[in-house]
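Novice: Read top to bottom, the protein sequences are chains A and B.
Using our numbering, you'd call the opening residue of the first sequence number 45 and step up by one each time.
Using our numbering, you'd call the opening residue of the second sequence number 1453 and step up by one each time.
No wet-lab data here; the hints were simulated from the structure.
The C-beta atom is built at its ideal place from N, Cα and C for all residues, glycine as well.
The reader is advised that the hints may include incorrect statements.
Claimed, not checked - Quick look at which bits of chain B chain A covers, simulated, 3 or more residues with Cβ under 8 Å:
1) 1511-1521
2) 1552-1565
As the list claims (entries may be wrong) - Cross-link-like lysine-lysine pairs, in silico, BS3-like; alpha carbons within 27 Å at most:
3) B:K1474 x B:K1510
4) A:K59 x A:K95
5) B:K1494 x A:K85
6) A:K122 x B:K1523
7) B:K1474 x A:K85
8) A:K88 x B:K1523
9) A:K122 x B:K1494
10) A:K88 x A:K122
11) B:K1523 x A:K98
12) A:K88 x B:K1494
13) A:K88 x B:K1520
14) A:K85 x B:K1520
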Amino acid sequence: EAGVTQFPSHSVIEKGQTVTLRCDPISGHDNLYWYRRVMGKEIKFLLHFVKESKQDESGMPNNRFLAERTGGTYSTLKVQPAELEDSGVYFCASSQDFAAASSGELFFGEGSRLTVL
Amino acid sequence: GENVEQHPSTLSVQEGDSAVIKCTYSDSASNYFPWYKQELGKRPQLIIDIRSNVGEKKDQRIAVTLNKTAKHFSLHITETQPEDSAVYFCAALPLGTGRRALTFGSGTRLQVQP
C-alpha cells in the first residue's frame, strides 16, 4: 500500500513568489493534516481536513496560506506571497476516522522543504 | 489549547546505555500520547503510544511511562544502538473530544555513539 506522498520534496523560491505544495494521503483516509516544522522547533499543526471539509484551521499562520482538498482526495497548500519566515518543512499526514480506529496514529509524508530567499 | 514541552533538545549517549526523553502537557483532557521517530531525511513514524488508562507500556527496548497527575510522560530506550539515532517527538491528543489534531513537542535529537 502506498504511503502518504508529498510533492515537491524541496522548493527554493524568492520572497514574494508563490509556491504550491501537494499531498496525496493514504487511500481511504478521510483525515488529512498539514503540519510545519521550522528548524529546531516543534511540528506545528496548521490545519485538518475531514474529507473535503476543513475541520480545524486554527493553526494557519495568516491569510497568505490557502489549503484545499477538492473531492476529498489530495490536498494542496499554497503560500502566496511567500515570506522568509515561511521557510521550513511542511508535513502532510493522514489517518483513519478516529471513531473507527483503535489509535490516533498519523501516517506522515516525507515532507516538503520550503526555502524562501 | 494544548501545550507540550519536551526535554532535552539534544541527547548523546554511548551505545548500550539508556536514553530518557521527557514531556509535559498542559491539557488535562489529553488521553493519548504517541511517540514518533524521525530518522535523517525520512518521515516521522509512530514507534509507541500510550493511553491514559495505563501507566506504562513496553515494546522490546522501548517503554513509555505516564503520570497523569503530574502531566508527565517519558520515553525510555534501553541498550541503545546506533540505529536509534534520530529525532524523537512526543505528542498529546484528547481522543473522544472534538479536537483531532496531535500537539507535538519540539523534538529531541538522540545521538548514539558507537
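Novice: Compare the structure with the hints numbered earlier in the document and write down the numbers of the violated ones, lowest to highest.
Specialist: Of the numbered hints, 1, 4, 6, 11 do not hold.
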